[in-house]
Amino acid sequence: EPEVTQTPSHQVTQMGQEVILRCVPISNHLYFYWYRQILGQKVEFLVSFYNNEISEKSEIFDDQFSVERPDGSNFTLKIRSTKLEDSAMYFCASSAPGQAGIGYTFGSGTRLTVV
Amino acid sequence: AQSVAQPEDQVNVAEGNPLTVKCTYSVSGNPYLFWYVQYPNRGLQFLLKYITGDNLVKGSYGFEAEFNKSQTSFHLKKPSALVSDSALYFCAVRDDTGGFKTIFGAGTRLFVKA
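Residue numbers (my numbering), protein chains in the order written: chain P, 76 to 190; chain E, 896 to 1009.
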C-alpha cells in the first residue's frame, strides 16, 4: 500500500537554528498538509498546499514557517529560528485528487526536539 | 468555527466487552467526520469517516461509528474489544463550506484489559 514517507524520524536541534522536515507524499496525490502534535496533546493543523501554493494556513503557521515542493516529489516544512515550544511531532499528509480534506494519508511523523 | 470535543481522557474496558469512545462536534456547514488511531511512537492511522449517506459507518479493524446530527455526535464503537485496540483515538471534523483545515479532538486513550 502506498505510504507517505517522512525523514528524519527524529531531529534534535539547538534553539535558534533552522530545520527542514522532509516528506515524500504518495505519487499521484495533489494536496499536501502539515500537522503537528505537541507531546501527547491534540493534533493541530498547520498548513495545506495545492498547485504549488499554500491554500490554507492556521494561526500557528506564522513567518517562522514555510513550505515548499522543490522538485515535484518532496514536500518540505522549514522552521526558522527554532524555539523550545516548537518541539513536537510533525506529521505530513497527502490527499488524492477529489479527496482534498476528506481522505488523508499520514506519514509516521518527525519528532523535533529543540534544546 | 469548527470544534471537536472528546469528553473522556481515558476509557477502560475489559477484553471482549463492547467499547464506546465519545465525540461531539460543532461546524458551520455539514460535517465531514473522521476517526484516527495512534499507537505509541507511530503516526495517525485512518479508521473511518462520515461524509454523507448512511449514518452508521463501518471502518477498519471492526470499528464503526454512528453519525447523529441532532446530537452532533460521532461516537466510535466496537462490539468486542481486543487488548491490541489499546491506543490513542482521535476524532476529527471538517465542514463542507470550503477549505482543507481539519480539526482534531484532544484524543481519548483506550485501555483494554485482558
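Derived by calculation from the structure, the hints in this document are not laboratory data. It is possible that some hints are incorrect.
[As the list claims (entries may be wrong)] Only pairs whose alpha carbons sit at most 27 angstroms apart, straight line, appear in this in silico BS3-like list of lysine-lysine:
1) P:K153 x E:K964
2) E:K972 x P:K132
3) E:K996 x P:K132
4) E:K917 x P:K117
5) P:K158 x E:K944
[Unchecked claim] Coverage of chain P stretches by chain E, computed from C-beta distances (three or more under 8 angstroms per stretch; other residues unrestricted):
6) 93 to 105
7) 180 to 188
Nothing here was measured: the structure is a model prediction, and the numbers come from that model. Idealized CB from N, CA, C, for every residue including glycine.
- Pairwise hint evaluation, K117 of chain P against K917 of chain E, where the allowed Cα distance is 27 angstroms at most: Cα-Cα ~15 angstroms, so holds.
- Message: Between the stretch 93 to 105 of chain P and chain E, are there enough contacts, at least three residues with CB-CB distance under 8 angstroms, for the coverage claim to hold?
- Response: Answer violated; 0 residues pass the 8 angstroms Cβ test.
- Against chain E, does the stretch 180 to 188 of chain P show at least 3 residues with beta-carbon separation below 8 angstroms? holds (count 5)
- Are the Cα positions of K996 of chain E and K132 of chain P separated by 27 angstroms at most? 8 angstroms, holds
- Going straight from one Cα to the other, do K158 of chain P and K944 of chain E come out at no more than 27 angstroms? 35 angstroms, violated
- Would you mind confirming whether the straight-line C-alpha gap from K153 of chain P to K964 of chain E stays at or under 27 angstroms? 40 angstroms, violated
- Do the alpha carbons of K972 of chain E and K132 of chain P lie within 27 angstroms of each other, as the hint requires? Violated: K972 of chain E and K132 of chain P sit about 32 angstroms apart, past 27 angstroms.
Checked against the numbered hints listed earlier, the structure breaks hints 1, 2, 5, 6; every other hint is satisfied.
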